[in-house]
Amino acid sequence: MLTSYLYRKLFACRALFLPFLVLLFILPLVACPLWGQVVQKKNLTPDSYAQWGDVVLDKISPDQKWASFRMRYKNGSDTLFVRNVASLKTYSFPAAKNGFFSSGRMFFCQTGKDLTIVNLSNSRKEIIKEISGFDYHEKTEKLVILSATENKKSAITIRSLKTGKEKQINNIDQFSLNREKGTLAYSIFSEVKSTLSIASLEKDETFQVAEGDLPFFNLSWQKNGHSLAFTEGNDSQHPQAIYHFISSEKKLYVFKFTPESNSIINSDTVFDSESPIIISDDLQRLFFSTVSYNRQADKNESKNVEIWNSDDKRTHIQQQNAARIKKGRVAVWTPVINKAVYITSSDLPDLILSGDMRYAVLSNPTDYEPQFEYIGPRNFYVMDLHNFEKKLFLKNITPEPHCFNTSPAGKYFLYFKEGDWWTYNFSTGIYKNITAKIGVKFTAKEQSLVPESVCGSPGWTKNDTEILLYDQFDIWAVSPEGDFFKRLTKGRESGITFRIAKSHDKPRFNHLFEGQMQESFDLDKDLTLSARGNDEKTGFYIWNKKVGESSIIYKDALCDQIIYNEGKKYIFFREQKFDMSPRLVVASTLLPSKYYFKSNPQQDKFFWGRSQLIEYQNSKGIKLKGALYYPAAYNPLKKYPMIVNIYERKSYELHKYQNPTYFVEAGFNSSVLTSEGYFVLQPDIKLEYKNPGIAAADCVISAVKKVVESGIVDKKRIGIMGHSFGGYESSFIITQTDLFGAAITSGAITDLVSFYYTINKGNGRPDMWRFQTEEWNMGGTPYEIPKTYYDNSPINFVKNVQTPVLLWSGKNDYQVDTHQSMEFYLALRRAGKKSIMLLYPEEGHGIINPEKQKDLSIRTLQWFDHFLKEDKKSEWITKGWQH
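By this note's numbering, the letter at position 184 of the sequence shown is numbered 184, and the numbering carries on one by one without gaps.
Check the hints yourself; a few may be wrong.
[To be verified] The list that follows gives simulated cross-link-like pairs (lysine-lysine, DSSO-like), each with its CA atoms no further than 30 Å apart: (1) K153 x K193; (2) K89 x K125; (3) K251 x K223; (4) K162 x K223; (5) K594 x K125; (6) K41 x K74; (7) K490 x K432; (8) K577 x K41; (9) K391 x K462; (10) K869 x K852.
No lab work stands behind these hints, which were simulated from the structure alone.
As the structure is a computational prediction, the values presented were derived from the model and not from experiment.
Make a model of the complete structure from these sequences and hints.
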């Protein structure tokens, strides 16, 4: 009843404003206004593309009556909006950033050097000029505003949004606000002395923490605001001391950062100011990083020659990159005994801390190098930070991404090994396989170009009681001792994949050194879930332990960017379809959803395509699906040309709205193509072990034939295009069939053998890893299975090509060497096949420069129009380039 009452109050004013809203918001959007004059739709042309923008949900107010969102445009004219979701009253702030809602119905944001404050109750607006930045503490409703004074020093103004009272602090050098505690640390530096103080925003009290001759830097709060760490020195990288102030004790601990005072500090030791000082929850340990800048060069390395030794763990380029990055060493300081010890070393450089920061998990990613997977195995050691004793506890284990972590309370280490989840108890040293008895796989097809990977873990429950795990469809709660498990959702039965929905205004991952900080969930409270079906429906559910999952919204649309407050009375999200520009929606479990903003209303003036999910089978009877997009102003009496765009799985883009634009990285835009009278097909491809090219050809040809059988496409006017791995697939497919009248292959791999022996110019890693268990999934080297590599390399079958081919590449492509496109072009040229290659100077794997993006998009259209529409106006195709 309470929820229903709140909802009625939230939307009560809709009825009062309905006549006005109809005139202001609804009538301009419909195709047939009430006064009878039919608005004729028209064809979309490039001169209208600039009207389109992207809407991004930003924040919601604490009372859930207001939402902020941005409209972003390719020309940079972005605007931040604040809208009442019931009355639709709206404020706009061009080029604004850092918007916040207060609990007292205020909104504030920064535009340039101006801070704008709006009272949402009475629309009063105030602008504070010439600020450098600001922060906000929600509980006290106080703003902390940084600005420059007349003497070019900085000043902080603490302003109460409740009373309007202000307090100014001048000559500010550094400051840091802890939003949890509502305490502001700031340093003041003058020619006479330097001071560091802490101000309580709640109590209006100030306490001086330290005083010295040198300035203070690197202010770092313990996450709950119980203590503060900082350094003193000539600059942020060369401190003479590190301090730790514990608020409850009013006690200041000092660590002398000099070689004379501490054996871990050398003359070439530099404090790593890029890494914050980390304080443990029990305030007993501080972690900081140092860097040494005077490392001696390898004596065996000559300035006149590069030495590439096959015994080296990593390639010469990788070693050079590592030397440039200069990864620091992490030390832990225990203030009570004033002892500092390095945890990491050159032998064990990677660090994961336990949730309570009592244990350190150490490893070296090069343990088993050289090896040829993307992520190699390594050994893991655990160090007790009470006595600094270290022992090996995991040997030869590959750390799957996001699958190696410690529990929030610090009791366990969680890892994945040989198809199961395992825990290691830090205090007892006991290992447990916690999923062996469950009887389901916790791996599935999760990532592009990876046959199977771990489904993941979103976090733990309170006090490390249970681990939450994902399988292909569902969420499980499993005891860390393996003696209890429970499936929380019922997605497998309905073909729906459930995941815990992260609020869009929160960071997706929180990393600490090489570890990922895990969330802790309370299963006595509701969980908000995202849902995606095999039929590409999406939506959101609420789960509770009494009834399981209950749908808020689940429909034939793409629902994303969810935001919700802790109370979760309502959820706010974005909804879109291929033919419906993204709109912003508010919903609850008890009442139907209502949208409060629709982006790009000008779309209603133009003919537009629509999308359809198709199903088909490859030659082996495997069921697949694809996204088919209809041309704008579709006439069922006509047959149309079609463009097939491929990568691996593309059907998930069924409901994705595409702003029509020429400014894209790979020349492909489905809305542009459908507006130009093309069908667009994006079929899924089921890659096969040792048969990537042959499997791609089989799936794509099957999908195309399925569409052709429906009678809507002219089978003589079908084009194909793909970029990167999709460029490889499209290159190979046209060597196997004459089904396509034109092709575009970009950033393509065309000779698997030469690519196998290529080094990535960006990171120095050999590209061999792509052929082991990922991407090409060949399971062997070219010299072990030469026929397999030969049979799946496009360049070996150039003589079969009957399709005109446009190739393009960035000349600075570090992902796929441009020579792959050059080799294919030369082979086509030698075989007398129609082909053109475009090379874009100063561009990489995707085209970034807007002028070149537009050039590529236009040439893409011209290429397909030339061969599929008999439009012969493009002389660069017919006559080539004459120097």
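Here's how the hints hold up against the structure:
| no. | hint | verdict |
| --- | --- | --- |
| 1 | K153 x K193 | holds (15 Å) |
| 2 | K89 x K125 | holds (15 Å) |
| 3 | K251 x K223 | holds (18 Å) |
| 4 | K162 x K223 | holds (26 Å) |
| 5 | K594 x K125 | holds (29 Å) |
| 6 | K41 x K74 | holds (25 Å) |
| 7 | K490 x K432 | holds (26 Å) |
| 8 | K577 x K41 | holds (19 Å) |
| 9 | K391 x K462 | holds (29 Å) |
| 10 | K869 x K852 | holds (24 Å) |
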